Structure formats: C-alpha cells, structure tokens
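Participant: Listed below, chain by chain, are the residues.
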Amino acid sequence: MPLLDRNGAKTDDWTLSPDGAADAPRVLVAFDHVQNALAGNGRGRRIGVAIANTIKAEALAPFLTDLDLVSIAFPSYGDGRGFSIAKQLRHLGFKGTLRASGPLIADQFAYALACGFDEVELPEAQAARQPVDQWVRAAASISKTYQRGFGAQNILDARRAARLAGK
Amino acid sequence: MYRYDEFDARFVRERVAQFRDQVARRLDGALNEDEFKPLRLKNGVYLQLHAYMLRIAIPYGTLSSRQLRQLALIGEKYDRGYGHFTTRTNMQFNWPRLRDVPAILDLLADVEMHCIQTSGNCIRNVTADHFAGVAADEIEDPRPTAELIRQWSSLHPEFDYLPRKFKIAVTGSAQDRAVIKAHDIGLRILRNAKGEIGYEVMVGGGLGRTPMIAKTIRSFLPKDELLAYLESVLRVYNLEGRRDNKYKARVKILVHEIGAETFSRLVEEEYARLDGPSIVADPEEVARIAAYFASPHYEKLPARSAAFEKGKAKNRAFATWAAVNLFAHKIPGYAAATISLKAIGEAPGDVTCAQMRVLADLAQQYSFDELRITHAQNVVLPHVEQDDLLAIWQTLVEAGLATANAGLITDIIACPGLDYCSLATARSIPIAQALAHRFADQKRQLDIGELNVKISGCINACGHHHVGHIGILGLEKSGKESYQITLGGDATLNAAIGENLGPGLAAQDVPDAIERIVDVYLAHRQNGESFIESVRRLGLEPFKAVIQEKLHAPA
Ligand code: SF4
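Just so you know, the sequences run in chain order A and B. Counting from 1, one number per residue, gives the positions in the first sequence under the numbering used here. Counting from 1, one number per residue, gives the positions in the second sequence under the numbering used here.
Be aware that a few hints might be false.
Said to hold, decoys possible - With a Cα cut of at most 27 Å, we get these calculated DSS-like pairs of lysine-lysine: (1) B:K314 <-> B:K300; (2) B:K167 <-> B:K312; (3) B:K312 <-> A:K56; (4) B:K165 <-> B:K77; (5) B:K167 <-> B:K194; (6) B:K550 <-> B:K480; (7) A:K144 <-> B:K443; (8) A:K56 <-> B:K248; (9) A:K144 <-> A:K95; (10) B:K246 <-> B:K167; (11) A:K144 <-> A:K10; (12) B:K312 <-> A:K144; (13) B:K443 <-> A:K56; (14) A:K144 <-> B:K77; (15) A:K144 <-> B:K37; (16) A:K56 <-> A:K95; (17) B:K312 <-> B:K330; (18) B:K223 <-> B:K194.
Unchecked claim - Reference excerpt, derived from the structure (chain A facing chain B, CB under 7 Å, subset only): (19) L16; (20) S17; (21) A21; (22) R45; (23) S76; (24) G78; (25) K87; (26) Q126; (27) R129; (28) V132; (29) Y146; (30) A161; (31) R163.
Said to hold, decoys possible - Quick list of simulated restraints, FRET-style, between CB atoms: (32) B:L301 <-> A:R160: 58 to 66 Å; (33) A:T54 <-> B:A507: 25 to 33 Å; (34) A:N36 <-> B:L475: 54 to 62 Å.
The set of hints was computed from the structure by calculation and includes no laboratory data. Computed from a predicted structure; not experimentally measured. Ideal placement from N, C-alpha and C gives every residue a C-beta, glycine not left out.
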C-alpha cells in the first residue's frame, strides 16, 4: 500500500508477516507474535509490530527498545485513538519509526506528525484520490500551533522566545 | 478583553486559507462528502433543513462593539438581516451560502473572530460565567482560564477526532451561572486552605438523551497544572470513550459505566506519566493573558445614583426594567444590565442587524466597549454607570430591546427546533412564542417571580430542558408533535435533572398546562418561596394532576 512521510512518497521496505516467519531484513509482525519474533531474532532482522488501536501503549513498553517500527491501525479517519497511542509511545521513549496505517485524510497529516508519527500508509483508493502533494501541502497549512508537538513549530515557544528577546 | 497577538492573528488567517483549500478539494473530488463533513463541521458549517448554517464562536461569550458591528455587517451582506445567539453563547446565521463562507471567515478574522470547533467531535467553544469580572462573589475572573483553554484546545492534534463533542465551562464565583455541572468538564475556581487558587474539576455532566450531573474527580487542582491535567482527562476519554454507538460516546457515559473513581484513577495515572512541563503554559504567558482581562478604569462613584433613583420614581416602566434586568456590580455606582432577547412573540435569541448596531453603540458609549452573551440567549452590558441607565433604557425601548423579563417566566430558552434544525422532532420556537403571549402581562410575571422555562425540539436537549425549572421536550408521536413536560430541573451548583410529569401533550395544550402548573405553585407557595423552592418542598404529585386533567379533558 502507498506510503508517505513529511517529504513525500516513500517505498515500503517492510515485509508483513503476522507470525514473524518470513525471512526478510525487515519484518512486520502481529502484536501476539512480537515477543517470539524478538526472542528468536538471531538473524539480524529488524522487527516491527502492527497493532490495533485497542492495544494499550504500556503493553508494548517491554519491547520498545528492540522494535524498529510500530504501525498503528486507523480503522477510519474519524477514530482518533491512534493519535493518543502515538503520543504515549513517544513518552515511553520509543525512538523507532511510528506509522499510521489506514484511511486517514490529508488534513490529518499535520496532526499525525505532531503526535509523533513519521509516516502514513494509505489504502490504494485513498492515495489515488488524495495525491501526495496534497498531503505535503496540508501538513504545512498551519505554520505554528498552540501545542508543543513533534511536528510544526509552536506558538508557545515562539512567545517565550519573543519574551526573552524583549528582556 | 483578549486581543490577538501576531501569532493568534496568523493562526486564524491560515485556518481560513486551509478551509478554502478544503472546499476546493471537496469540489474537485479529492475529498468525498463523508471526509469533508467533519472538516466543515469543525469550521462551524452545518447542513440544516433548508440551507447551510454557520456557527461563529464567541469565546466565553465576550464580545467587543467592533466585533458585534462586524456580525451585523455579515448578517446584512450574507444572511437575511438577523442572527441568532445560542445556548453555547455562539452566533448562528441560518441562511449563508456555502460559497460565501470563506469570505465570511475573512471578515471574522478581520475582527479577531473565527468558527473553529463550533461543531464536530472535538473540544467546543469554552463558556464562562457571563457576569465574570462583575460579580461581587467572584474569586477570580474565569475568562483568562477560558482563553488559555481556547488556545490549548484549538486544532489540538490529539483531540480533534474524539468519540464525540466535548464541552468545557468555567466559573469563578461561588454561584454557578455557567451550568458547569451539565458540561463534559466543569471547572470551578476556588481557594484552598492555604489561600492558593486552583480548580475543582468535574467531569461527565451533560444533557441530551441521557442527562447526567458532573462528578468531581479532583477537588483541588493547583492553577498552574490545569492544561496538563486537562490533557490527561482528554487522553483517557479519547482512548477509552465508546465509539460503537453515537449515543453512548460522550464522556458522561464512560464516567457512568466505569464509575467516577475509576475514571479519576485512570486520569491520575496518565497525569503521573505525561510530560507536564511541555504542556502547561509559562507563568508569564498566563499573566499576559490575564492582563487583558484586568478591570476597566472605573470612576469613583457614590453607591447610590440620584439620577437613577429619580428616573425610577418618575417612570414605572423603567423602574420595573431596572428591578428585573439589573445585576449588582462589585463596584459602587455601577450595574450590569441584561438586555433581553425575549421580546414577547419573537424567537428567543434572535437579534436583527439593526439591533446589533444599537447594542454595539451602547456598549461603546456606556460599557467600556464590551458585551457579553449569556447561555440564556440574552446580552449583557457588563459595566454601566447607574447614572446612565435611564438613557440606555430609552435607547433600548426604541430598538425593541427593553423587555423587562430577565429570569422571569417569559425569559424562555428555546433551541431552533423544527423551524431550522434537521435533527428536530418538533417545533420549539412557536411553543416559546405561545407561552410568552400567555404570560405577557408584566404584573403577573413579576408576581410569579423567578422561573426558567427551557424548550428543546428533540432529545439532544440544546434548549437545556432537563435543567429548566419547567422543561419542555418536543417529540414526535405517530406523526404528531408531542410535548413532554419536566419539573424541578436546576442549572446552578444545586444542579438537578427535572422529572417527567407524565405523557406528552399536544402543542395547543402546552400553554394551558404550564398555566395550571403555575397556578398550583401560586396556590401553594409559602413565605415568598420561589417556584423551584415550592417544587422541591411539594414534590411532583400536586403538579401531575394537571397533565392528567389536560389529557382527559374532552376535546
Ligand atoms: S435540541 Fe434537537 S431540535 Fe433543538 S437544536 Fe438541538 S438538535 Fe436541533
């Protein structure tokens, strides 16, 4: 499925293998198999996990240092649970790639980036209707936000800087 | 009042451009109607029965003369010469064209206004006590807190796709005039034993299909922790709130299902984990916002105004208006004046563009350029010298705005109902009009005293009928409008949900039934007790008979 990040379209070099059996350099496994996949990982593979948005962030805590990617499912664009899970995973110290997977719309890209996501994986039809340039443009539509996040610059720090400069 | 700095101004401009782009992408098919819908809703654009409707945010109900004049301009240019104030203190225009909306948003941005998050499953316009900065019993003006929340909640990346809408209200007084217990989050500013200022945090109130009174989950939250704590409440709701059923998706259902204690524990656990300092505002920032709400420069005036007393002695109608529509100001010689938008026979909350200009002029001349919109759909001039009241009243009389009924039985709250709203099951405005006509007699209204009638045109309860002393809910029963009457609701800190008096009545029977209810009260009241006090003492029984009578009366 099409994949994009803040710079535009991107190739997906992960191999989906729910039970972790695939012999590939980057393997995306289901939540139930993450422990086994990491334990039997003598082959130098990189492991990622794909989770539903009903999985609690803490459930992933023991694995976060060993995981290279967490892909959080968005069953529909109206279901915003993934945004909170992404933030929690970042607070828990996850440094790998965070992927939002599902029928998001371009207008949510800035939110996804601000919550700590790096990339979005879209169903074909969605990507066909909403070309990549729309996503890149939408992500830049608000230059400074009222929240500190992982994405755009924010007004809180801009005001702080202006105050300090004024002193 | 708050003024935009360069960052606020740019933010709102970029938001307008963003909406223009969204409309363009809808038109070229990049966005389908399902995808566009939440985007237009989050910009206040509804599709109503007959047309699009635009809902403009009036944060915590505070408005300047300049802003109100701009609303008058928009109403004339893009609508039919009038607007409507809602129970969330917003302004609605009922007839704009979709293609004009971006231009309207530009005009709003010119006067530091917007439509951001006036609808949709996100954090809505924050409301506050309409007598903020006026009331003598105020611990702290709630508006700086509300403004802080407005900014924090604007396009919050994590909370724009919540299970359902989310409403926050703030009060800074001992008396609650903001109905905080009927909100998803109600904040009450208070002082702890050490004299420090903080908030009592209540969660899970709401009206609608399942009315609930909010429960306290934190009895004292230090002031500087507010935003981080709110973030934790919203995160718990975003993750745990139900998404399987629209009618069970509000936070009140979650709080009800898992219990306030469990909810509170989840919030505290999340709060302990999150990175508070990255969320809360700098003390300098809090001070910057608060400075905009500093008291205006009041004159030193005698507590009693001779001109005011003389005016009342000479003019009975003015004296009545003054007795009913004024609210005591904390500063000697001043008053806050409620301007009723409930003239007998008019739609509650409607105001013509000409009236908007009169109100704007009055505020500029007499009230430090400031107006307030109340959740009861009236307007307040918050700081007027008592010496000026007669002149103000005379202007109001000419503009058809001097109705002396604030808090009385004809000061009715009513939602738009079936005349405008696509969700409605019955009309509410005509019921309000019929009741107002029935009780139009001023002497009789005064004799009845304080009595809130609130009318909703469907179970969604935008007219707050659950917390009306008398609540009227319009439903549809086998193709006919049917009105259920509830009694004993209360919107203050003693918040209570009204109880149903019995089966629904036909529209034409409602005024009679309300009249009989009032008669029962007048016959039973003791020692000057108010309607709601009598209902509390007597219980529902003596009133129920009225409905039975009406139902069984020969047609
Ligand atoms: S209560 Fe119902 S009819 Fe009235 S405005 Fe709300 S949704 Fe519409």
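Participant: Next, verify each hint and record whether it holds.
Facilitator: Consistency of the hints with the structure:
1. The hinted pair formed by B:K314 and B:K300 meets the criterion: a straight-line CA distance of about 26 Å does not exceed 27 Å.
2. With a C-alpha separation of about 41 Å, the suggested pairing of B:K167 with B:K312 is violated against the 27 Å cut-off.
3. Restraint check for B:K312 and A:K56: not satisfied, since their Cα atoms lie roughly 67 Å apart, outside the 27 Å limit.
4. Annotation: proposed proximity of B:K165 to B:K77 is violated, straight-line Cα distance about 31 Å (limit 27 Å).
5. Distance check on the hinted pair: B:K167 and B:K194 sit about 30 Å apart at the alpha-carbon level, beyond 27 Å; violated.
6. Restraint check for B:K550 and B:K480: the C-alpha separation of about 17 Å stays at or below 27 Å, so the hint holds.
7. At roughly 57 Å between alpha-carbon atoms, A:K144 and B:K443 are farther apart than 27 Å, so this suggested pair is violated.
8. A C-alpha spacing of about 22 Å is found between A:K56 and B:K248, which places the hinted pair at or below 27 Å, so the restraint holds.
9. Taking the CA atoms of A:K144 and A:K95, the gap is about 24 Å. The hint holds against a cut of 27 Å.
10. Of the pairs offered as hints, the one joining B:K246 and B:K167 holds, with about 16 Å between alpha carbons and a cut-off of 27 Å not exceeded.
11. A C-alpha spacing of about 26 Å is found between A:K144 and A:K10, which places the hinted pair at or below 27 Å, so the restraint holds.
12. At most 27 Å may separate the alpha-carbon atoms for a hinted pair to count; B:K312 and A:K144 exceed this at roughly 54 Å.
13. The hinted pair formed by B:K443 and A:K56 fails the criterion: a straight-line CA distance of about 63 Å is larger than 27 Å.
14. Pair hint A:K144 plus B:K77 does not hold up; C-alpha atoms about 32 Å apart against a cutoff of 27 Å.
15. For a cut-off of 27 Å, the pair hint linking A:K144 to B:K37 stands: about 25 Å separates their Cα positions.
16. In summary, the hint linking A:K56 to A:K95 is supported, as the alpha carbons are separated by about 18 Å, within the 27 Å threshold.
17. Between B:K312 and B:K330, the direct Cα distance comes to roughly 21 Å. Compliance with the 27 Å bound is thereby established for this hinted pair.
18. A C-alpha spacing of about 13 Å is found between B:K223 and B:K194, which places the hinted pair at or below 27 Å, so the restraint holds.
19. Given hint, A:L16 at the interface with chain B, is violated; its Cβ is 25 Å from that chain's nearest Cβ, farther than 7 Å.
20. For A:S17, the suggested interface contact is broken, since its CB lies about 28 Å from the closest CB of chain B, more than 7 Å.
21. Among the interface hints, the one on A:A21 is violated; its C-beta lies about 32 Å from the nearest C-beta in chain B, farther than the 7 Å criterion.
22. Checking A:R45 against chain B: minimum C-beta separation of about 31 Å lies over 7 Å; hint violated.
23. Proximity of A:S76 to chain B is violated relative to the hint, the smallest CB-CB distance being about 9 Å (cut-off 7 Å).
24. The beta carbon of A:G78 is positioned within 7 Å of a beta carbon in chain B (closest approach about 6 Å), and the interface hint is therefore held.
25. Here the hint on A:K87 is kept, as its CB sits about 6 Å from the closest CB of chain B, short of 7 Å.
26. Checking A:Q126 against chain B: minimum C-beta separation of about 9 Å lies over 7 Å; hint violated.
27. The beta carbon of A:R129 comes within 6 Å of a beta carbon in chain B, closer than 7 Å, and the hint placing it at the interface holds.
28. A cut of 7 Å between beta carbons decides the hint on A:V132: the least distance to chain B is about 12 Å, and the hint is violated.
29. About 5 Å separates the beta-carbon of A:Y146 from the nearest beta-carbon of chain B, less than 7 Å, and the hint is met.
30. Interface hint status for A:A161: violated, as the beta-carbon distance to the closest one in chain B is roughly 11 Å, over 7 Å.
31. Annotation: A:R163 was flagged as interfacial toward chain B, and the flag holds, the nearest CB pair being 6 Å apart, inside 7 Å.
32. Taking the beta carbon of each, B:L301 and A:R160 are about 41 Å apart, not inside 58 to 66 Å as hinted.
33. Checking the proposed 25 to 33 Å range against A:T54 and B:A507 shows it is violated: the Cβ atoms sit about 47 Å from each other.
34. Between A:N36 and B:L475 the beta carbon distance is about 57 Å. The supplied range of 54 to 62 Å therefore holds.
Against the hints set out earlier in the document, violations occur for numbers 2, 3, 4, 5, 7, 12, 13, 14, 19, 20, 21, 22, 23, 26, 28, 30, 32 and 33.
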